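> Those sequence lines, one after another, are chains A and B.
Numbers 36 to 225, taken from the numbering used here, label the letters of the first sequence in order.
Numbers 36 to 225, taken from the numbering used here, label the letters of the second sequence in order.
Among the hints, erroneous ones may be present.
It does not matter which identical chain is meant; a pair holds if it fits inside one copy or across any two.
Derived pair list, reagent style SDA-like, types lysine to any residue, alpha-carbon separation capped at 25 angstroms [said to hold, decoys possible]: (1) Lys56 x Tyr127; (2) Lys56 x Ala125; (3) Lys85 x Gly52; (4) Lys48 x His117; (5) Lys56 x Asn108; (6) Lys56 x Arg151.
Hint data in this document are derived by calculation from the structure and do not stem from the laboratory.
Computed from a prediction, not measured in an experiment: that's the story for all the values here.
Number of protein chains: 2
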Amino acid sequence: MDYLKEMIRREGKVLPGNILKVGNFLNQQIDIDLLKEIGKEIARLYRDDKPTKILTIESSGIALAVAAGFYLNVPVVFAKKHSSSNVDGAVYTAPVHSYTHNKDYTILVSREYLKREDRVLLVDDFLAMGCALNGLVELVEKAHATLLGAAIAIEKGFQEGGDLLRKKGIRIESLALIDSMTDTSVTFRE
Amino acid sequence: MDYLKEMIRREGKVLPGNILKVGNFLNQQIDIDLLKEIGKEIARLYRDDKPTKILTIESSGIALAVAAGFYLNVPVVFAKKHSSSNVDGAVYTAPVHSYTHNKDYTILVSREYLKREDRVLLVDDFLAMGCALNGLVELVEKAHATLLGAAIAIEKGFQEGGDLLRKKGIRIESLALIDSMTDTSVTFRE
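Sequences are here, hints too, so could you generate the full structure?
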């Protein structure tokens with residue numbers, strides 16, 4: 036998706052440890068024109084698969100999932116990262132390791148919001164080692180729902196998460212797939 | 036806003052401790068039709084004030100802020116609830132107490148995303164004691180930006196947060212203002 040790649044080239048910052056900072060347009064601050072284009076593109080990629088639900092993970096996935104939901108007209112569900120007093124009743128859980136923050140946590144979603152008959156599209160901002168996405172896949176499997184695939188804004192193609200998920204037969208659509216990064220440049224896979 | 040009130044009456048659950056659970060349509064699961072109507076209503080209320088930025092707080096405010104951003108065509112910024120390795124550089128901070136979770140935390144936003152020249156609209160899902168909203172007001176004041184007011188989905192009018200903020204001269208628009216709740220009914224202020 037050219038608009039996203041252009042924003043990454045122009046506004047993204049590469050930090051030590053292969054971190055790509057996109058806080059200016061896709062994380063803490065969200066560019067609405069870009070977000071609308073991302074929502075339209077995700078809808079174009081998955082509309083024919085007739086999703087009934089979009090599943091993401093708090094916090095940075097929510098804006099992207101809502102944008103996709105706007106154009107696909109399906110409800111958005113976000114997995115929470117820890118137990119909250121606002122989630123009552125039974126939940127599905129999955130363990131997730133964050134390399135960015137170097138810690139383990141549990142993601143959870145109420146069983147009410149993921150049903151066997153659901154056709155689920157996963158949406159997230161980043162795919163690198165694939166830990167968060169693997170956790171979301173596990174939640175869908177536990178609910179015995181149908182997994183349609185995932186739509187990711189930015190995949191770090193030089194890390195193994197995406198390829199491991201594809202080898203399992205899961206459809207992964209990344210709007211910007213990065214082959215390599217240096218302090219001064221980002222190279223995309225065409 | 037009638038659609039929201041109808042959803043609260045039909046799908047909301049009152050839990051002990053004056054907690055109104057809306058996880059089915061406005062929190063962990065988000066109804067997209069409702070979200071679009073909320074976005075349109077917030078845009079109608081604040082369009083003439085020419086906001087340049089919408090500020091909310093993770094996680095449950097993000098979907099509402101994005102919806103408002105879609106119709107106002109302005110960037111969305113969300114304050115984070117704790118220090119994160121993805122926020123570099125200088126930040127504005129404010130202390131917030133959560134009565135729901137009975138704990139204190141710090142909210143923060145990068146100085147890059149709140150500028151003196153910004154005209155800021157605050158958006159959040161709930162207003163009760165006003166702690167989160169007071170924290171957001173403090174961030175805007177620290178940035179010396181212009182505060183246009185706040186748009187809240189659900190205000191608990193029987194708690195003091197909204198009135199205290201209004202007494203300070205801050206414009207608060209609540210799409211559903213609850214006067215009282217029992218286990219079986221919710222009464223709105225007309």
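> Taking 25 angstroms as the upper bound on the Cα-Cα distance, should lysine 56 and tyrosine 127 be classified as within, between, both, or neither?
between (31 angstroms within a copy, 19 angstroms between copies)
> 25 angstroms Cα cut-off: does lysine 56 pair with alanine 125 within a copy, between copies, both or neither?
Classified as between; 15 angstroms across copies, 36 angstroms inside a copy.
> At 25 angstroms max between alpha carbons, let me know whether lysine 56 reaches asparagine 108 within a copy, between copies, both or neither.
Between copies only: 23 angstroms across, 30 angstroms inside.
> At most 25 angstroms between C-alpha atoms: does lysine 48 with histidine 117 qualify within a copy, between copies, both, or neither?
Intra 29 angstroms, inter 22 angstroms, cutoff 25 angstroms: inter-copy only.
> Up to 25 angstroms between alpha-carbons, please classify lysine 85 paired with glycine 52: within, between, both or neither.
neither (38 angstroms within a copy, 40 angstroms between copies)
> At most 25 angstroms between alpha carbons: which applies to lysine 56 and arginine 151, within, between, both or neither?
Classified as between: cross-chain Cα gap 24 angstroms, same-chain 37 angstroms, threshold 25 angstroms.
Violation of the numbered hints given earlier is confined to hint 3; every other hint is satisfied by the structure.
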